[in-house]
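Protein chains: 4
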Amino acid sequence: MVNRRRSARADTAPPFRADDGRWQELLDIAARIFARKGYKSTTLQDIADEFGVLKGSLYHYIRSKDDLLFEVVHSVYEEGLANLRAVAGADLDPVERLRAVVRGHVVYLIDNLVETTVLLHEFDQLSDERRARMPIRDYQTLIADLVAEAKADGRLKPDVDPQLAALAVLGATNWVYRWYRPGARSPEEIADQYADLLVDGMLLPDRRSAGAAPERAGASPGGATG
Amino acid sequence: MVNRRRSARADTAPPFRADDGRWQELLDIAARIFARKGYKSTTLQDIADEFGVLKGSLYHYIRSKDDLLFEVVHSVYEEGLANLRAVAGADLDPVERLRAVVRGHVVYLIDNLVETTVLLHEFDQLSDERRARMPIRDYQTLIADLVAEAKADGRLKPDVDPQLAALAVLGATNWVYRWYRPGARSPEEIADQYADLLVDGMLLPDRRSAGAAPERAGASPGGATG
Amino acid sequence: MVNRRRSARADTAPPFRADDGRWQELLDIAARIFARKGYKSTTLQDIADEFGVLKGSLYHYIRSKDDLLFEVVHSVYEEGLANLRAVAGADLDPVERLRAVVRGHVVYLIDNLVETTVLLHEFDQLSDERRARMPIRDYQTLIADLVAEAKADGRLKPDVDPQLAALAVLGATNWVYRWYRPGARSPEEIADQYADLLVDGMLLPDRRSAGAAPERAGASPGGATG
Amino acid sequence: MVNRRRSARADTAPPFRADDGRWQELLDIAARIFARKGYKSTTLQDIADEFGVLKGSLYHYIRSKDDLLFEVVHSVYEEGLANLRAVAGADLDPVERLRAVVRGHVVYLIDNLVETTVLLHEFDQLSDERRARMPIRDYQTLIADLVAEAKADGRLKPDVDPQLAALAVLGATNWVYRWYRPGARSPEEIADQYADLLVDGMLLPDRRSAGAAPERAGASPGGATG
DNA sequence: AATGAATGAGGCTTCATTCAT
DNA sequence: GATGAATGAAGCCTCATTCAT
Numbered sequence: 003m004v005n006r007r008r009s010a011r012a013d014t015a016p017p018f019r020a021d022d023g024r025w026q027e028l029l030d031i032a033a034r035i036f037a038r039k040g041y042k043s044t045t046l047q048d049i050a051d052e053f054g055v056l057k058g059s060l061y062h063y064i065r066s067k068d069d070l071l072f073e074v075v076h077s078v079y080e081e082g083l084a085n086l087r088a089v090a091g092a093d094l095d096p097v098e099r100l101r102a103v104v105r106g107h108v109v110y111l112i113d114n115l116v117e118t119t120v121l122l123h124e125f126d127q128l129s130d131e132r133r134a135r136m137p138i139r140d141y142q143t144l145i146a147d148l149v150a151e152a153k154a155d156g157r158l159k160p161d162v163d164p165q166l167a168a169l170a171v172l173g174a175t176n177w178v179y180r181w182y183r184p185g186a187r188s189p190e191e192i193a194d195q196y197a198d199l200l201v202d203g204m205l206l207p208d209r210r211s212a213g214a215a216p217e218r219a220g221a222s223p224g225g226a227t228g
Numbered sequence: 003m004v005n006r007r008r009s010a011r012a013d014t015a016p017p018f019r020a021d022d023g024r025w026q027e028l029l030d031i032a033a034r035i036f037a038r039k040g041y042k043s044t045t046l047q048d049i050a051d052e053f054g055v056l057k058g059s060l061y062h063y064i065r066s067k068d069d070l071l072f073e074v075v076h077s078v079y080e081e082g083l084a085n086l087r088a089v090a091g092a093d094l095d096p097v098e099r100l101r102a103v104v105r106g107h108v109v110y111l112i113d114n115l116v117e118t119t120v121l122l123h124e125f126d127q128l129s130d131e132r133r134a135r136m137p138i139r140d141y142q143t144l145i146a147d148l149v150a151e152a153k154a155d156g157r158l159k160p161d162v163d164p165q166l167a168a169l170a171v172l173g174a175t176n177w178v179y180r181w182y183r184p185g186a187r188s189p190e191e192i193a194d195q196y197a198d199l200l201v202d203g204m205l206l207p208d209r210r211s212a213g214a215a216p217e218r219a220g221a222s223p224g225g226a227t228g
Numbered sequence: 003m004v005n006r007r008r009s010a011r012a013d014t015a016p017p018f019r020a021d022d023g024r025w026q027e028l029l030d031i032a033a034r035i036f037a038r039k040g041y042k043s044t045t046l047q048d049i050a051d052e053f054g055v056l057k058g059s060l061y062h063y064i065r066s067k068d069d070l071l072f073e074v075v076h077s078v079y080e081e082g083l084a085n086l087r088a089v090a091g092a093d094l095d096p097v098e099r100l101r102a103v104v105r106g107h108v109v110y111l112i113d114n115l116v117e118t119t120v121l122l123h124e125f126d127q128l129s130d131e132r133r134a135r136m137p138i139r140d141y142q143t144l145i146a147d148l149v150a151e152a153k154a155d156g157r158l159k160p161d162v163d164p165q166l167a168a169l170a171v172l173g174a175t176n177w178v179y180r181w182y183r184p185g186a187r188s189p190e191e192i193a194d195q196y197a198d199l200l201v202d203g204m205l206l207p208d209r210r211s212a213g214a215a216p217e218r219a220g221a222s223p224g225g226a227t228g
Numbered sequence: 003m004v005n006r007r008r009s010a011r012a013d014t015a016p017p018f019r020a021d022d023g024r025w026q027e028l029l030d031i032a033a034r035i036f037a038r039k040g041y042k043s044t045t046l047q048d049i050a051d052e053f054g055v056l057k058g059s060l061y062h063y064i065r066s067k068d069d070l071l072f073e074v075v076h077s078v079y080e081e082g083l084a085n086l087r088a089v090a091g092a093d094l095d096p097v098e099r100l101r102a103v104v105r106g107h108v109v110y111l112i113d114n115l116v117e118t119t120v121l122l123h124e125f126d127q128l129s130d131e132r133r134a135r136m137p138i139r140d141y142q143t144l145i146a147d148l149v150a151e152a153k154a155d156g157r158l159k160p161d162v163d164p165q166l167a168a169l170a171v172l173g174a175t176n177w178v179y180r181w182y183r184p185g186a187r188s189p190e191e192i193a194d195q196y197a198d199l200l201v202d203g204m205l206l207p208d209r210r211s212a213g214a215a216p217e218r219a220g221a222s223p224g225g226a227t228g
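Top to bottom, those sequences are chains A, B, C and D. Under my numbering, think of the first position of the first sequence as 3, with each following residue one higher. Under my numbering, think of the first position of the second sequence as 3, with each following residue one higher. Under my numbering, think of the first position of the third sequence as 3, with each following residue one higher. Under my numbering, think of the first position of the fourth sequence as 3, with each following residue one higher.
These are calculated hints, taken from the structure and not from any lab test. Since we're looking at a predicted model, the values are computed, not measured. Ideal Cβ placement from N, Cα and C applies to all residues, glycine included. Where hints are given, some of them may not hold.
[Said to hold, decoys possible] Within a straight-line C-alpha distance of at most 25 Å, the following computed SDA-like cross-link-like pairs (lysine to any residue) qualify: (1) C:K39 to D:S43; (2) B:K57 to D:S43; (3) D:K39 to C:R65; (4) A:K42 to A:I31; (5) B:K39 to A:Q47.
[Unchecked claim] Calculated from the model, a selection of chain A residues having no Cβ within reach of chain B, i.e. all distances over 12 Å: (6) R24; (7) E52; (8) F53; (9) V55; (10) K57; (11) D69; (12) E81; (13) A170; (14) G173; (15) R180.
Work out the full structure, taking the sequences as your base and the hints as a guide.
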């Protein structure tokens with residue numbers, strides 16, 4: 003759905019004005035390697051090799067290795083949140099908005115798998131200052147608010163705790179980065195299943211969307227970690 | 003229930019037979035620091051400092067840093083799986099066993115939060131050979147099988163894909179390591195909510211356990227990442 | 003005679019293309035220290051100190067300490083063998099070729115004393131893989147073949163065993179690295195004496211070159227080991 | 003021929019009175035490993051493992067690793083020299099004494115292959131003080147004196163330089179430690195061939211022992227380094 | 001923009017040696 | 001005589017970063 007997010011080199015003020023083609027290429031390479039090996043296990047040498055320059059030359063683009071992590075992560079964070087906010091603000095009843103949010107989150111995550119992997123797995127490696135600029139709790143709050151709204155509408159089981167439910171939703175959906183590999187199942191299929199499972203799980207029995215879709219075919223999804 | 007898992011120093015054959023008190027202390031320290039800073043960002047100096055020896059002295063207990071990660075992770079992996087298998091084998095109908103498994107997994111994870119954090123976050127840092135000794139897919143398979151069984155019983159929505167459902171369950175529950183902090187809510191409360199949410203989400207509308215418990219009180223859970 | 007052998011950086015592919023001046027300087031320094039203290043007793047610190055950089059900086063030139071040993075040793079090995087093969091292929095009768103080979107070997111060895119010292123004393127410290135690339139037995143074979151040829155010509159005592167004779171020749175000549183110090187006696191004098199002694203020792207009594215040169219003056223050679 | 007040389011624990015004054023069985027066992031083990039891997043590459047751990055104690059326990063037998071090297075080397079040095087002196091003092095003409103010395107040296111060396119290997123290869127690793135206690139030049143002098151004597155008798159080619167000839171003899175014979183492996187050829191066969199080759203090489207043509215033995219059968223000797 | 005060389009700090013690991021028990 | 005634990009120094013190697021060209 004999304005995927006056209008492109009970093010505007012948010013607030014690192016690099017000592018240069020790289021043409022944006024090369025800059026994006028660098029970010030993409032860094033993101034890919036961070037996702038594969040982890041931030042700490044990635045060396046600037048790894049990145050420079052793939053970028054086709056000597057490692058010292060990377061300092062024409064960045065001021066520190068940390069910059070790369072931040073740049074990779076910051077834009078997915080912002081855009082992903084914006085994306086969810088847009089969906090959450092649609093003119094639908096709260097339960098449907100919740101469903102849409104789950105769906106949208108899954109699709110966004112898969113559409114930006116490399117970057118979200120880095121965000122979700124390497125978030126803690128950011129400097130405190132930079133982590134503070136990405137209040138990751140906002141995701142939880144956004145969903146918890148929707149749950150609370152639906153609950154106020156009387157649609158949900160009375161014992162649903164919005165915060166806890168939000169964390170369950172985020173856990174299930176974020177976890178996708180751990181096992182998704184393109185091929186078996188489309189992002190949309192996964193998103194639909196997850197939305198149905200998670201949102202139906204909160205609903206009062208008698209209020210559930212009666213008609214469940216007929217079983218969809220598809221190879222069983224693989225899972226590296228799970 | 004849990005938590006008395008103690009490593010029998012599985013298959014690293016360290017150059018000694020230390021008294022197990024010190025060995026366990028070392029593993030606990032390592033696990034704690036790995037959980038806090040990540041494996042790669044933890045230095046043997048960090049560990050030695052807390053253990054109260056010079057860093058070279060750690061080699062009385064290990065043969066490489068990697069040993070520490072493996073030892074920490076291997077026992078939680080094994081015991082956690084054994085734990086789930088025991089629960090999954092109970093003499094109950096499949097849906098109840100599924101519920102019990104979700105509950106058991108959450109409780110186990112929280113009871114062993116430090117070690118499961120290391121397992122879930124640093125699994126990829128293990129050497130290939132050692133990773134192969136812990137077929138983490140077994141967790142997914144175990145749950146997927148239960149889902150398939152319940153589905154065969156006609157209890158579940160026909161479009162539930164067992165593998166996908168298992169991954170959703172594991173995502174939601176495993177994610178707990180990202181936000182759980184002792185205090186606000188008991189492990190059992192969380193476990194119950196998760197079990198209800200996730201299992202109910204798979205059930206056919208008319209087959210659901212009618213009586214949902216009245217809302218439980220509790221402070222809203224904090225969440226570092228989520 | 004020789005001594006212009008310069009490494010073409012045979013097959014270590016270092017992470018750079020240093021100007022060869024510095025590279026040769028490094029190899030020369032390493033060779034000198036290896037020869038003096040032995041490979042194992044030489045530290046990269048020793049080498050870096052003399053090279054004038056921090057020890058970590060050596061890794062611009064090498065990938066491991068082992069590289070240095072290999073580079074030092076590989077080129078003398080190859081060139082020394084080529085040198086002998088050239089001499090052995092001359093258009094002379096076998097006995098004279100043998101004499102020339104002994105002479106040539108001694109002169110080459112002294113002309114490249116530092117490197118041959120390292121080759122002869124530290125050969126076993128090479129990794130198996132690298133040792134395999136230098137079939138040091140070729141020296142023995144080359145000489146044994148010449149001896150066999152001379153024997154087939156009927157020039158040698160019938161009980162001369164070519165392999166054993168070759169080993170005697172190599173032992174006597176290679177041993178030079180243990181005691182030679184420039185000054186007392188010229189490489190050529192030594193070479194001539196050795197050739198006469200060793201080759202005459204194989205000849206049939208009546209076939210020997212009658213005229214022996216008059217005694218040459220010269221200080222008695224010192225000898226550290228021997 | 004010899005081989006019953008047993009160390010009297012020359013002058014290391016160890017902090018103990020080990021029963022000599024264990025002490026000899028330790029020296030034998032150390033010698034074997036030093037010969038195989040080199041002194042520097044041998045760890046006390048290696049030795050302790052084979053000796054069947056923990057490495058710290060070795061300090062009941064030695065005061066330092068260096069002690070082991072010295073003890074191993076000192077006794078072969080002394081006994082080997084005494085052996086040669088006895089042979090050199092026999093009541094024979096100088097040329098025959100020379101021949102006997104070459105023979106005796108080769109046999110002794112092979113009979114004590116492990117220890118002589120350590121002596122010949124690791125001599126330089128001894129502390130200066132200890133090296134000084136083993137004037138290895140004595141071997142050279144002993145042989146050079148014999149050569150000079152034979153030369154004074156008019157038996158040798160006039161251009162034979164006694165020192166140089168002695169070094170050739172020592173080189174050829176000492177080198178045996180580099181290639182000898184039991185099996186192919188008896189120590190005595192090798193010794194005879196070497197004596198004939200080296201001594202005949204010094205003789206005046208017309209004075210040589212006419213009858214050379216008929217070719218002896220035997221597999222060709224292997225040679226690791228040579 | 002890029003190179004090539006170097007820095008400097010620190011990481012993991014090894015190992016001879018000591019010592020209380 | 002031996003153990004088990006620890007020391008302390010040092011060794012090899014890595015890597016983010018700097019800088020003159």
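Going through the hints against the structure:
1. For the hint linking K39 (chain C) to S43 (chain D), the alpha-carbon distance of about 14 Å falls within 25 Å, and the restraint holds.
2. For the hint pairing K57 (chain B) with S43 (chain D), the CA-to-CA distance comes to about 23 Å; that is within 25 Å, so the pair holds.
3. Of the pairs offered as hints, the one joining K39 (chain D) and R65 (chain C) holds, with about 23 Å between alpha carbons and a cut-off of 25 Å not exceeded.
4. Taking the CA atoms of K42 (chain A) and I31 (chain A), the gap is near 15 Å; set against the 25 Å cutoff, the hint holds.
5. Distance restraint check for K39 (chain B) and Q47 (chain A): the Cα-Cα separation of roughly 23 Å lies within the 25 Å cut-off, and the hinted pair is therefore satisfied.
6. Every beta carbon of chain B lies more than 12 Å from that of R24 (chain A), the smallest distance being close to 28 Å; the non-interface claim holds.
7. Every C-beta of chain B lies more than 12 Å from that of E52 (chain A), the closest at about 20 Å, which supports listing it as non-interface.
8. Once the 12 Å rule is applied to beta carbons, F53 (chain A) is consistent with being away from chain B; the minimum gap is 22 Å.
9. Non-interface call for V55 (chain A) relative to chain B: holds, since the shortest CB-CB distance, roughly 25 Å, exceeds 12 Å.
10. Under the 12 Å C-beta cut-off, the non-interface status given to K57 (chain A) relative to chain B holds; the minimum distance is some 19 Å.
11. The claim that D69 (chain A) is not at the interface with chain B holds, since no C-beta of that chain comes within 12 Å of its own (minimum 18 Å).
12. E81 (chain A), annotated as away from the interface, keeps every beta carbon of chain B farther than 12 Å; the closest lies near 18 Å.
13. The beta carbon of A170 (chain A) sits about 4 Å from the closest Cβ of chain B, which is not more than 12 Å, so the claim that it is off the interface is violated.
14. For G173 (chain A), the requirement that its beta carbon stay farther than 12 Å from each beta carbon of chain B is not met, with the minimum near 3 Å.
15. Distance check on R180 (chain A): its Cβ comes as close as 8 Å (rounded) to a Cβ of chain B, failing to clear the 12 Å threshold; non-interface status is violated.
Of the numbered hints stated above, those contradicted by the structure are hints 13, 14, 15, listed in ascending order.
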